[in-house]
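Engineer: Just so you know, the protein sequences line up as chains A and B, in that order.
Just so we're aligned, residue 1 is where the first sequence starts under this note's numbering, counting upward by one.
Just so we're aligned, residue 1 is where the second sequence starts under this note's numbering, counting upward by one.
Hints are not guaranteed to be accurate.
What the hints assert, rightly or not - Straight line, CA to CA, 27 Å or less: simulated DSSO-like cross-link-like pairs of lysine-lysine:
(1) A:217 - B:217
(2) B:217 - B:166
(3) A:57 - A:17
(4) A:57 - B:57
Please keep in mind that the hints were generated in silico from the structure rather than gathered at the bench.
2 protein chains.
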Amino acid sequence: MSPASKPPQRRTLTTDKVVAEAMRLADAEGLEGLSMRRLAGALGVTPMSLYNHVAGKEELLDAMVDAVVAQIDSPEIDGDWRAMMRRRALSMREVLMRHRWASIPLISRMTSGAAILRDTNATLGCLVTAGFTYPQADWARNAIDNHVYGYAFQEVNYPVDPEGYKAAASRFLPRIPASEYPFLHEAARQIAEARYDGITRFEFGLDLILDGLEAWKDAE
Amino acid sequence: MSPASKPPQRRTLTTDKVVAEAMRLADAEGLEGLSMRRLAGALGVTPMSLYNHVAGKEELLDAMVDAVVAQIDSPEIDGDWRAMMRRRALSMREVLMRHRWASIPLISRMTSGAAILRDTNATLGCLVTAGFTYPQADWARNAIDNHVYGYAFQEVNYPVDPEGYKAAASRFLPRIPASEYPFLHEAARQIAEARYDGITRFEFGLDLILDGLEAWKDAE
DNA sequence: ACCTGAACACCGTTCAAGT
DNA sequence: ACCTGAACACCGTTCAAGT
Chain A
1 MSPASKPPQR
11 RTLTTDKVVA
21 EAMRLADAEG
31 LEGLSMRRLA
41 GALGVTPMSL
51 YNHVAGKEEL
61 LDAMVDAVVA
71 QIDSPEIDGD
81 WRAMMRRRAL
91 SMREVLMRHR
101 WASIPLISRM
111 TSGAAILRDT
121 NATLGCLVTA
131 GFTYPQADWA
141 RNAIDNHVYG
151 YAFQEVNYPV
161 DPEGYKAAAS
171 RFLPRIPASE
181 YPFLHEAARQ
191 IAEARYDGIT
201 RFEFGLDLIL
211 DGLEAWKDAE
Chain B
1 MSPASKPPQR
11 RTLTTDKVVA
21 EAMRLADAEG
31 LEGLSMRRLA
41 GALGVTPMSL
51 YNHVAGKEEL
61 LDAMVDAVVA
71 QIDSPEIDGD
81 WRAMMRRRAL
91 SMREVLMRHR
101 WASIPLISRM
111 TSGAAILRDT
121 NATLGCLVTA
131 GFTYPQADWA
141 RNAIDNHVYG
151 YAFQEVNYPV
161 DPEGYKAAAS
171 RFLPRIPASE
181 YPFLHEAARQ
191 IAEARYDGIT
201 RFEFGLDLIL
211 DGLEAWKDAE
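Generate the whole structure from the sequences, applying the supplied hints.
Structural biologist: Here you go:
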């Protein structure tokens, strides 16, 4: 029971450390760079020892997704619903830009960690308190989240900097002959010329949805 | 040069057959059931012979996604934009229900097969012809597609039949104590009770977006 | 031209064994 | 209680060889 009697095992790993290192790996190299074996290597441990702290790779991914959701600014339940939805959406976008691997598992895994439950509860709560019915609140959340996910996903996959943009355009445009795809060709040309306006466009679409929700709510 | 001189090779495989069998496999067992080796087995061939017809698994997935997109009713360029966007969205939903594995790769791969280029060209063309600017048309398509993808994805992952619904709810509700997540708990309860109204909800959200686009278009 | 066998460099995970 | 070595059952893909 004295400190010196501490057993010889390394005692280095915890679930939190495993999840944190997995997120660091995914941040650095993307999801396809994350394997249990590489993760173990990064932690200086054999692959199998990970299974003492996470049940498997699926559960690890769920935990990573939940850790991402934990970072978003959830609505305050008594706050102005529109301001709160706006703040949450902007925060989600920012978090998804920070963890560029997260959009896909966030969309594609039906997971329910503590942070996700908390955020969903707060979001529905804010909308219901503002006067939406439960089904309406459920739909409103879906509409907003679909926008955020879809947009974030695009932003992650398209080149942001002007040079990258130009390069991608010149790599892409030849595949779109004006004779066969006149509208697509012109759209690509205009987009290739425009400067990047990520947040503006994001907020534009977001406000479109919020307008729709407001009208919908008042209409009934 | 006579028919009898036909060489002994089986000559069974073509790219189209490989893609078609891959889709059948994915339809039946999901994307995680689709491996190059299993696909080869289903075609009665060694894994390596597939590489004579597709460059690799990534390209195979791209081809599968394009084959899915080829099935959707693209807009007619001179048609009423709202009716055409509506028809396209309903068709996309239907196709994504038929190929339940397709939502995720359709969202997450930045691919540009012939069918995708064609559909994008037709969609932008219809909107631009109706009076949207190119950037507006681009955004409009994104908004609609995000809705379709997000919704289809949900519909694929949630149980449709009442029994499955009930089972999922009773498996889920205990994880959501009313004390900690009062709003989420009540939402889950109401949703668990409601009968499934997939298409209605889909069209509701779609019309919300189309209303927003119409207002937006008229406003400038 | 198309298909194959053998091999390479990976995976996630189990299980019995160590301390 | 935690970590390990060895093994199992898979992957995608390359390459030289067959016909």
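Engineer: Compare the structure with each hint and give your call.
Structural biologist: We went through each hint and held it up to the structure:
Simply put, residue 217 (chain A) and residue 217 (chain B) have alpha-carbon atoms about 22 Å apart, close enough for the 27 Å limit, and the pair holds. Between residue 217 (chain B) and residue 166 (chain B), the direct Cα distance comes to roughly 43 Å. Violation of the 27 Å bound is thereby established for this hinted pair. For a cut-off of 27 Å, the pair hint linking residue 57 (chain A) to residue 17 (chain A) stands: about 15 Å separates their Cα positions. At roughly 22 Å between alpha-carbon atoms, residue 57 (chain A) and residue 57 (chain B) fall within 27 Å of each other, so this suggested pair holds.
The structure fails hint 2 only (numbered hints given earlier).
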